[in-house]
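Chains as they are written, first to last, in my numbering: chain A, 279 to 532; chain B, 56 to 279.
Derived from the structure by calculation, the hints contain no laboratory data.
Careful, some of the hints might be misleading.
To be verified - Covered by chain A, per the in silico footprint, the following chain B stretches (three or more residues, Cβ under 8 Å):
(1) 89-100
(2) 166-174
(3) 229-239
Said to hold, decoys possible - Far from chain A, some chain B residues (derived; all Cβ distances over 12 Å):
(4) Glu76
(5) Gln132
(6) Val136
(7) Pro142
(8) Ile143
(9) Leu226
(10) Val264
(11) Phe267
(12) Ala269
Values in this document were obtained by computation on a predicted structure and should not be read as measured data.
Beta carbons: idealized from backbone N, C-alpha and C, even for Gly.
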Amino acid sequence: MYGKGLRPLAIAAAITTIAALGLIFFFAPNDADQGFVQKIFYLHVPMALVAMAGFVAGGVMAIAHLRTGKRSWDMRSYVSIHLSIILGLGVLVTGAIWAKASWGKWWVWDEPMLVSFLIVFLLYCCYQPLRFSIEDPERQARYASVFAITAAAFVPLNFAAVRAAQAFIHPEVLSTTGGNMPGDMRITFLVSLVAMGLLFVTLWKLELTSKHTSEQLRRLRGKLERANERAAEEAPAAESGAHAGRVPVAAGSS
Amino acid sequence: MTRTALVILRKDLAIEVRTRESVPAMTLFTVTVFVLFHFGLDRDTLEGELAAGVLWVTLLLAAILGVNRLFVSEREQGGMVGLLLAPIDRTAVFVAKAAALLLYLLLVQAVAIPAYAILLLGPDLFGALPELLAVLALADVGLAVVGALVAALAVETRARDLIVPLLLLPLVVPVLIAAASATEPLFVGAQDADGLGGWLAILALYDAVFVFLAVAVFDFLLED
Chain A
279 MYGKGLRPLA IAAAITTIAA LGLIFFFAPN DADQGFVQKI FYLHVPMALV AMAGFVAGGV
339 MAIAHLRTGK RSWDMRSYVS IHLSIILGLG VLVTGAIWAK ASWGKWWVWD EPMLVSFLIV
399 FLLYCCYQPL RFSIEDPERQ ARYASVFAIT AAAFVPLNFA AVRAAQAFIH PEVLSTTGGN
459 MPGDMRITFL VSLVAMGLLF VTLWKLELTS KHTSEQLRRL RGKLERANER AAEEAPAAES
519 GAHAGRVPVA AGSS
Chain B
56 MTRTALVILR KDLAIEVRTR ESVPAMTLFT VTVFVLFHFG LDRDTLEGEL AAGVLWVTLL
116 LAAILGVNRL FVSEREQGGM VGLLLAPIDR TAVFVAKAAA LLLYLLLVQA VAIPAYAILL
176 LGPDLFGALP ELLAVLALAD VGLAVVGALV AALAVETRAR DLIVPLLLLP LVVPVLIAAA
236 SATEPLFVGA QDADGLGGWL AILALYDAVF VFLAVAVFDF LLED
């Protein structure tokens with residue numbers, strides 16, 4: 279049931295990603311004062327927006343988990359956060375490259391988006407250590423959900439605080455990430471955003487499908503093992519090899 | 056619920072009074088860190104943003120010690136089972152723990168702030184005391200609420216004392232931003248606390264969001 283629709287989704291993601299790359303390199307004009315390097319913007323900003331959305335979606339799915347008690351919601355929340363952490367690393371790296379190219383420094387503290395993203399990223403880096411240092415699986419899911427909800431609520435709060443600190447020092451914060459873009463840039467940006475979003479959803483679905491499949495496989499193997507044990511007990515030792523119920527199990531499968 | 060919370064709070068305070076674990080350790084820690092900052096920065100007195108930053112970072116780090124110990128008596132002596140078996144509202148446990156942490160923080164600061172004024176702070180403290188107390192009160196409520204939540208999140212993990220600082224410190228960055236920014240003009244000598252209201256509003260917003268959130272999710276941490 280998880281694999282349903284994965285193929286069209288993957289094809290759509292591939293097509294939009296290729297289209298976005300084509301638009302970035304051949305269609306979007308070079309920025310007037312930053313030149314070619316400004317094009318990292320089409321990678322950096324969609325990644326940041328999708329990662330943020332993934333963090334918040336992880337929180338919403340965690341609420342669904344705590345409300346319904348269904349473990350599958352916790353799994354969705356976990357995969358969403360885990361992918362967002364990977365994207366978040368990409369955001370910080372591309373952000374640093376962009377900062378180096380346009381401001382001459384690898385890191386600047388007066389860009390509230392980037393700074394608050396770093397804090398959120400540091401917080402979410404704690405998700406997996408917290409989750410996997412709890413042994414009981416049911417409790418693990420519950421605690422991870424509480425963390426996901428807390429952290430998702432923290433995201434806007436943290437941004438407001440960092441923004442307030444900036445606004446106090448620099449009354450007008452330059453909007454490098456959006457605002458009034460010319461049409462060609464806007465189209466390229468929107469296509470890149472859709473491509474990144476589709477890529478995220480595809481990977482999310484893929485990982486869920488794979489987790490679900492291996493879970494199912496483990497269950498079936500356990501069943502098979504038990505059936506074999508039963509069959510071995512029932513069948514007399516003399517003809518155990520040719521018994522009809524005997525199904526070979528791959529070595530090391532348990 | 057209030058009565059239950061008061062009973063648990065009284066139990067925690069009784070333990071603290073008899074064992075003297077958290078508050079003396081936190082206080083000693085803050086004074087030691089002030090000494091470290093004196094040598095680390097090689098300054099005899101601090102003022103302005105440096106003074107505000109040193110004070111608040113020290114207080115936040117000291118809070119980690121308190122958060123780490125918050126559920127220890129429950130965990131090590133089986134009190135958790137008793138709490139969970141008791142037919143009480145889980146929120147009462149949270150309220151009691153947050154209140155205990157708030158009291159610890161206030162006690163620590165009652166010593167740490169005068170010590171800071173004597174050891175490191177350049178400008179006179181007394182003129183700015185009412186404003187500073189307002190900032191401390193709001194920041195402490197936020198710290199206590201988030202600290203109690205983090206303590207409950209980390210108590211069942213294997214590496215509890217590693218998880219607590221890693222989880223707590225990013226979560227209290229907004230407190231640090233607002234408190235340090237609000238304190239900075241108080242530590243420059245001149246008595247014009249511009250922008251104080253805005254920072255207090257941010258602290259109050261932070262407190263409100265996390266009180267609401269913690270009350271909503273705390274039940275799930277003590278379910279079994």
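Here is how each hint holds up against the structure:
1. 89-100: violated (count 0)
2. 166-174: violated (count 0)
3. 229-239: With 4 residues in contact (Cβ-Cβ under 8 Å with chain A), the coverage given for the segment 229-239 of chain B holds.
4. Glu76: Holds, because the least Cβ-Cβ distance between B:Glu76 and chain A comes to about 24 Å, which exceeds 12 Å.
5. Gln132: Holds, since 20 Å exceeds 12 Å.
6. Val136: 15 Å, holds
7. Pro142: 21 Å, holds
8. Ile143: 20 Å, holds
9. Leu226: 6 Å, violated
10. Val264: Given that some Cβ of chain A is not farther than 12 Å from that of B:Val264, nearest at about 6 Å, it is violated.
11. Phe267: The claim is violated: B:Phe267 sits with its nearest Cβ about 9 Å from chain A, within 12 Å.
12. Ala269: 8 Å, violated
The structure does not agree with the numbered hints 1, 2, 9, 10, 11, 12 stated previously, though it agrees with the rest.
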